[in-house]
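K.L.:
The chain contents come next:
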Amino acid sequence: MATKVHMEALSPTMEEGQIVTWLKAEGDEITSGDVLAEIETDKATMELVARGSGVLRKVMLEEGATAPVGEVIAIIADPDEELELGGEGEAAAEGGDEEEAADASAESSQEAGEKVDAGKAEPAPEPEEKEVEEPSPSQDDRRIKASPLARRLAEEKGLSLARIQGSGPGGRIVKRDVEEAEAEPHREPAGEAASAPMPAVAAEGPEYQDVPLSQIRKTIAKRLVQSIGPVPHFFLTVDVDMSRVVEARKRINQALAPQGVKISFNDIVLKATAMALHRHPECNAHWGGDHVRRFNRVHLGVAVAIEDGLITPVVRDAHAKGLAHIAGEVRELASRAREKKLSPDEYTGSTFSVSNLGMFGIEEFTAVINPPEAGILAVGALEDRPVVVDGEVVVRPRMKITMSCDHRVIDGALGSQFLQTLTGILEEPLMALV
Amino acid sequence: MPQITYREALNQALAEEMERDETVFLMGEEVAEYDGAYKVSKGLLERFGSDRVVDSPISELGFAGLGVGAAMTGLRPVIEFMTFNFSILALDQVINSAAKLHYMSAGQFSVPMVFRGPTGAALQLSAQHSQACETWYVHSPGIKLVTPGTPADAKGLLKAAIRDDDPVAVMEGELLYNVKGEVPDPEEGDFIIPLGVADVKREGDHVSIITHGKMVHVALQAAGQLAKEGVDAEVVDLRSLRPLDVEAILRSVHKTNRAVYLEEGWPYVGIGAQIVALIQEEAFDYLDAPVLRVTQADIPMPYAKNLEKLAKPDAKRVVAACKRVLYQD
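From first to last, the protein sequence lines stand for chains H and E. The numbering used here applies: residue 1 is where the first sequence begins, and numbers increase by one. The numbering used here applies: residue 435 is where the second sequence begins, and numbers increase by one.
One thing to keep in mind: the hints can contain errors.
Calculated pairs, BS3-like style, for lysine-lysine (alpha carbon to alpha carbon, straight line, at most 25 Å) [as the list claims (entries may be wrong)]:
{"no.": "1", "chain 1": "H", "residue 1": "K24", "chain 2": "H", "residue 2": "K340"}
{"no.": "2", "chain 1": "H", "residue 1": "K145", "chain 2": "E", "residue 2": "K750"}
{"no.": "3", "chain 1": "H", "residue 1": "K145", "chain 2": "E", "residue 2": "K635"}
{"no.": "4", "chain 1": "H", "residue 1": "K4", "chain 2": "H", "residue 2": "K24"}
{"no.": "5", "chain 1": "H", "residue 1": "K157", "chain 2": "E", "residue 2": "K739"}
{"no.": "6", "chain 1": "H", "residue 1": "K145", "chain 2": "H", "residue 2": "K262"}
Think of the hints as simulated: they come from the structure by calculation, not from any bench.
Looking at chain H on its own, in the form it has when it is part of the complex (with noise of 0.2 Å):
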């Protein structure tokens, strides 16, 4: 039987897609699960990944073109299967809502067929509901079938729909799958579980904590959208004494130095601003529209500069890692995002940010919040300045950071508690161990 092979929607906000690679030629044979082609969405390169077996009999889309998420882009049948190609390209442009759309009529009208039908006793069998299909890893969970009781549990229990495969009608994810996906929690498509390292990190109650808003955070975030924009950004500037970072980081790096680890100055700011953040759930939140969700743990988005724009992968459980297991997993998510090889999990979920641009001898600067992260760093260059101490001109090394707040989660006093916390870890790196 031929299976058509679509578009997908390989990131949450992916609208189309360009080719970058054909892995597969026309006349290869095709085992379903075989990686047929490297596209490239709005946010990364992806794997396109057959769901059928038989030969690439057609390829419709070449190297370098671009087509919308949905569309048939090739075909895969037995060897000697008649194809049906005339307009069959134009056809299928929307082939992926258009079949769920006659899947979901055909579906109701059964229903409705068996309800006023009394002569049918049985309900006629769904020849596709027996049928396992692959879930697509990285689709919006919005486009995934799902009741409504699967769809709450699965938030409650913060397990992603796209990571369940359904067993009612059509793949329907329904209360039962959801509670075997909680029961055996590691089972991962194929695939993507080899990409994304995931240290397990030792549960310490729940993920995050919803705070309903008062009036007066109401009250704060509708006058603070009206002034500024949707996001009413406020920002704390600190200066940062470094002199005893420097120092321990020498001692760090000349003690790792045998097992060839070297961690950098934003590494130790990462490690420092996520401990502050455990310590400060207020500033680790979302903005949710009617509540703050304030998160438990932290994970960490760092912002990367890419050859076409930026990209923030995430170190999860930043506050629970180590400073050498920090630096070894920012180099390697940098590296692979610059190479445009992040998976979609790699570059979302993040609960606060950190954009560094000291590398560029930028002083200070200010970065724009991540919706719905509630704050951001931006964290300068570390360079010798003169400052007063005890009433006296002396060179240290110092360091700006500067904070973005979204005002309708994080007030003056909050921002400015937090920095005070990071900056004592900062100038006194023994306070982590406090």
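Put chain E on the given structure of chain H with help from the hints.
P.N.:
Frame of chain H, contents of chain E only:
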């Protein structure tokens, strides 16, 4: 507790209320000399006399209207329709008079009356005499409707209906009159079931079969079959269709996450359509499957015995619908 028939339970309710309140009277075709077409009013003529147990001519619109007028001027009439099929002729009095006058007189008039009789299909009475009439009545605000499925509910709800200050339709079932069940002894005091309170006829965790009237028995039969297959079905008997016990419906759906509505009537804009709308509005996030309905086929009831059987909802179809919402088919 004594076991009596549904017919006897209604008779007790009428007799007790007529005894208690002399403004209560019964009127309808054959209710007096013949003891009622289904013998519900047996012995009442002898006991209360021809002023209070009145045989009417075959003129539903006329005696329904007479009842409305009597209610407006201080009596509490119980108008018996030989079946609610015949009340279609009287709907102008029911919908345009009984249901409206309290509102249109700004509360100056109340219409404390009862319309009662059997609804739904019996056996081979053909298209005009086999209709479930609930929807025609509940569609209009201003009139209440109860549908007792058991002798106890029949007695308790009819007594509550007679005492209510609004018009109340009590829809019985021809096939229910001989059904026996436990009803509290009259010696132990008034037995009244308030309007608007549903009753869980069988507790279960896996799926809610929500229903009313005669179909309660079909639902229980289906639940029994499901139990043999390990499925624990809950049977919720609404008892009142207006006012509706919304809380009871939501409580059950919150527990089971799936529901099937079973009714005798047609699917199109039927009672089930209303209940499904309610469930999806109020309990969307608790649903693990679409709410299904099991109803009469969307056709006039056939006379032929084999076709009539196929057109009616039965336990087999309820079981199939339950399995479907449990994703077990």
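K.L.:
Under the criterion that the straight-line Cα-Cα distance not exceed 25 Å, is the pair K24(H), K340(H) satisfied?
P.N.:
holds, 21 Å
K.L.:
Below or equal to 25 Å on CA atoms is what counts here, so check K4(H) against K24(H).
P.N.:
This hinted pair holds, its Cα atoms lying about 15 Å apart.
K.L.:
Compare the distance between the alpha carbons of K145(H) and K750(E) with 25 Å, and conclude whether the hinted pair is satisfied.
P.N.:
violated, 29 Å
K.L.:
Given the proposed pairing of K145(H) with K635(E), does the C-alpha separation stay at or below 25 Å?
P.N.:
violated, 34 Å
K.L.:
Could you grab the alpha-carbon distance between K145(H) and K262(H) and see if it respects the 25 Å cut-off?
P.N.:
Not satisfied, since the Cα-Cα distance of roughly 47 Å exceeds 25 Å.
K.L.:
For the pair we were handed, K157(H) and K739(E), check the Cα-Cα distance against 25 Å.
P.N.:
Status violated; Cα separation ~54 Å.
Of the numbered hints given earlier, the model fails hints 2, 3, 5 and 6; all others are met.
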